[in-house]
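Start from the sequences and build out the full structure, keeping to the hints where you can.
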Amino acid sequence: MKRSYSLAELAQHVEAQVIGEPQYLISALASLQNATANDLSFIANPAYKKYLATSGAGAVLIRPDMADEFPGNKLLIANPYLAYARLSELFKYTNQVVMGVHPTAVVGQDCILGENVSVGPNVVLGDGVELADGVVVGAGSYVGDHSCIGAHTRLAANVSIYHGVSIGSHCLLHSGCVIGADGFGFAPHAGQWVKIQQLGGVVIGNHVEIGAATCIDRGALGDTILNDGVIIDNLVQIAHNVVIGKNTAIAAHTAIAGSTTIGDNCTIAGAVGIAGHLNIASGVHVTAMSMVSSTIREPGSYSSGIALSPTKEWRKNAVHFRHLDTFASRLKNLEKKSTD
Amino acid sequence: MKRSYSLAELAQHVEAQVIGEPQYLISALASLQNATANDLSFIANPAYKKYLATSGAGAVLIRPDMADEFPGNKLLIANPYLAYARLSELFKYTNQVVMGVHPTAVVGQDCILGENVSVGPNVVLGDGVELADGVVVGAGSYVGDHSCIGAHTRLAANVSIYHGVSIGSHCLLHSGCVIGADGFGFAPHAGQWVKIQQLGGVVIGNHVEIGAATCIDRGALGDTILNDGVIIDNLVQIAHNVVIGKNTAIAAHTAIAGSTTIGDNCTIAGAVGIAGHLNIASGVHVTAMSMVSSTIREPGSYSSGIALSPTKEWRKNAVHFRHLDTFASRLKNLEKKSTD
Amino acid sequence: MKRSYSLAELAQHVEAQVIGEPQYLISALASLQNATANDLSFIANPAYKKYLATSGAGAVLIRPDMADEFPGNKLLIANPYLAYARLSELFKYTNQVVMGVHPTAVVGQDCILGENVSVGPNVVLGDGVELADGVVVGAGSYVGDHSCIGAHTRLAANVSIYHGVSIGSHCLLHSGCVIGADGFGFAPHAGQWVKIQQLGGVVIGNHVEIGAATCIDRGALGDTILNDGVIIDNLVQIAHNVVIGKNTAIAAHTAIAGSTTIGDNCTIAGAVGIAGHLNIASGVHVTAMSMVSSTIREPGSYSSGIALSPTKEWRKNAVHFRHLDTFASRLKNLEKKSTD
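Protein chains in written order, with our numbering: chain A, 595 to 934; chain B, 595 to 934; chain C, 595 to 934.
Derived by calculation from the structure, the hints in this document are not laboratory data.
Errors might be hidden in some of the hints.
Claimed, not checked - Think about it this way: if two alpha-carbon atoms lie no more than 35 Å apart in a straight line, the pair counts; the simulated DSBU-like pairs of lysine-lysine are:
no.: 1; chain 1: C; residue 1: 910; chain 2: A; residue 2: 906
no.: 2; chain 1: A; residue 1: 910; chain 2: C; residue 2: 643
no.: 3; chain 1: A; residue 1: 789; chain 2: B; residue 2: 840
no.: 4; chain 1: B; residue 1: 643; chain 2: A; residue 2: 789
no.: 5; chain 1: B; residue 1: 789; chain 2: A; residue 2: 906
Stated by the list, open to error - According to the in silico footprint, chain A covers these stretches of chain B (three or more CB under 8 Å from chain A):
no.: 6; region: 680-689
no.: 7; region: 709-718
To be verified - Partner residues are not named here, just some residues of chain C that face chain B (Cβ under 7 Å, in silico):
no.: 8; residue: 624
no.: 9; residue: 672
no.: 10; residue: 676
no.: 11; residue: 686
no.: 12; residue: 715
no.: 13; residue: 752
no.: 14; residue: 825
no.: 15; residue: 865
no.: 16; residue: 882
no.: 17; residue: 883
no.: 18; residue: 887
no.: 19; residue: 899
no.: 20; residue: 900
no.: 21; residue: 905
Ideal placement from N, C-alpha and C gives every residue a C-beta, glycine not left out.
In structure tokens form, the structure reads like this:
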């Protein structure tokens, strides 16, 4: 059921200026390297300029100052990457969502379902669940008692949401994510662990995206909170009582320990570890695989870790990490001697 | 269906001493900062003393020696954190578990179901599955052929248990966890991989908790074993033939490679990596994001990794990691010269 | 339904030579340490030689040059580990797969199902799904619209496959894995994120194994590609538009960022992080927990990271990581002085 769009239509959608044939038809988006005659491509990163001359694209989204580099049809626009993002919406796959509750779904007591809700096959809703207008719950997903899902939020297949979770509108939750499982709270006693029941919930704002197999634990007391516009990649761990500020992005495999607060508009790269009970200021960027073990008060970019070497060389150098303290004293000694 | 408890009732539950009004009613637990008049709070960490004076809590669990710091109702007890853990049990959400097998569940041949078992909607049990008394299997979970689950163990929604897995009593398994998938075993042959069928099982003791999306592989030959009282957080990888000692705690995103044995009462922090075929002594603590690549024979705390810096500074320093071996020789040279 | 095999039968299966009683019956495989009279064991690693003398194994797979070290029945073979892998196939658990579509499964419109297909309980297939001959889809799994699964590929329980995914023949996908979720693509705009619809798919070759809770995202434009013979462990993240070469093995908890290409026959150990837009040559080995942030052009072994120390010692040394740049200047100064 894919349709094509004229360059004029696409230009209007993103307020671009057509250079070339306004009636030229585009049926897909593609990268400069792979595009063919019915594809629209884009150039965002100047490093890709080299592909412009030879690209088979039917048209290109391009900045006015670079327009001369592509001979064919083009859509002039200040931010081609943003325009590409907006146009991607037109070309996405949209399956035929069947409205209503699938006969194989199991709906608990006292649920409130809005207009145009789609509850897929084998979905299970607990008691008192609220689904606002236009919510889509994918096949095999579970929503626990008294959880609320805001308008037009979509759950992919096999999502698990525990009881007492609140999710805003226009969110997207991917398969395998788990929202509201117990935080990891135990009191040590006589060599054993006494479970601390996790009595809080999870509150997720609007326009939040949560990746596949990502886990967001419920609060111990009080809630775990993701504010509006947060985007989270796959396999991320968000522990109990974490608070994540607006529009913060967190890449795959990152883990955030309990009760840490992260500010607005942070970008946390992949496989980062953030200890518990910290405060991360707004506007912080943390590079991949970094270990964050203290509070960060100033915006800016932070890093830790060691770059890769051939294993043989790495071994020779790594062994001296254990000598750094003695290196320091030996240096001091030498300096003392040399000034004597 | 929440109820309230008098301070006298709560005190009796944990053997505390009431100072104030024994009939005062408590309806929830809360942190000192957020507590209001019907909440019970607690002070475990002296760092939170500052919140005592201004807390709105109706009552506080507190050590006798700190009792003077809070003017209102209090429950005197030697270990307020443990008392809080125990009282949390009273206030937890308990959904109406429907006993019996839900009509949408699919039960294989020759299954043995105990008293008061709850098999939720869309659950699938293989052949020869045994569920002891009081077992709860959450919606959409799968239990493979001939797996056994001990009394009062609860599986949340969408748990996957393969065949031939044995789980003890009073365990809790969270959504998305996978128990008994194949270990990662392959023999290299002519540039390809020949699969080694994983013929062992998984044996899990009593009072074990397993977090969301955590994976515990079955043994290659012989079993992967988690002893009684082990607690495991989310997104943890336990490879084939790992053995984990009693009451060991493992935080989120940790990965343990095949055939490693971990002792009793260890605490492994988050995002730690432990290589295969190692022995970790009882009583070992490993700090977050550490890399464990050799056997640890003595109890104690172990660490590796690099602390965070602003990226600019980090770059300047990190580049010299590759020079550590030459630093060592240069130091030696200088020392030799200075003593000549 | 387990059966036994004579040593003669087993020898024939792997082209080994029987030393001892050809009619001796073997009912299971076991390690040297745990084997009893009806078990066949193997010695692959010379470090295990010490267990040969005392092993209770009924027979042992052994290299001709080591044959004298075991007194009992043996199967002589050049590569005992490979022979063990091949024989493991004979002893694996095979559940009674019921052919056909289980009455609780939901099958979309225009699906094409081959011969001897098994669609388990509570499975959901979207529209236009193609399952080739002998495909097994485990309980509770989901396959999205227009996805194709090749002959004899097996999906364990609770697997999630999005729309437009192509999987080859003879693959094995473990529980909780998610194939084809959206890549993490967003364009920043005015402090917010504009979603980039992920328009590509995932293409997986033949003989690929994918571990539990592993996530393989669909491409942004064009596909994410896993070539034939790739083996991937649990909880691995493969981002959009990654390409993985033939027979490459990736251990648990590794994360590979977007658009990176990995060559053939690489072995990536556990918890490795690989940045985006890199090229990793064929034949590269990366040791556990390494951080790969640049392209690797030569085959060989690569590493990063810091070895474990007792926390006290680690602290004393780690603090000097921040001084490495000043160490370098101080060394230079001293050297200059000493040659003055």
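A quick look at each hint next to the structure:
1. C:910 with A:906: With a Cα-Cα distance of about 26 Å, the restraint between residue 910 of chain C and residue 906 of chain A holds, given a limit of 35 Å.
2. A:910 with C:643: 31 Å, holds
3. A:789 with B:840: 15 Å, holds
4. B:643 with A:789: 24 Å, holds
5. B:789 with A:906: Holds: residue 789 of chain B and residue 906 of chain A sit about 30 Å apart, inside 35 Å.
6. 680-689: holds (count 7)
7. 709-718: Holds: 3 residues of the region 709-718 of chain B have a Cβ under 8 Å from chain A.
8. 624: Residue 624 of chain C check passes; min Cβ-Cβ to chain B is 5 Å, inside 7 Å.
9. 672: 11 Å, violated
10. 676: 5 Å, holds
11. 686: 4 Å, holds
12. 715: 4 Å, holds
13. 752: 5 Å, holds
14. 825: Holds: closest Cβ of chain B sits about 5 Å from residue 825 of chain C, inside 7 Å.
15. 865: 4 Å, holds
16. 882: Holds: closest Cβ of chain B sits about 6 Å from residue 882 of chain C, inside 7 Å.
17. 883: It holds, given that the least Cβ distance between residue 883 of chain C and chain B is near 5 Å, below 7 Å.
18. 887: 11 Å, violated
19. 899: 5 Å, holds
20. 900: 4 Å, holds
21. 905: 4 Å, holds
The structure fails hints 9 and 18 (numbered hints given earlier, in ascending order).
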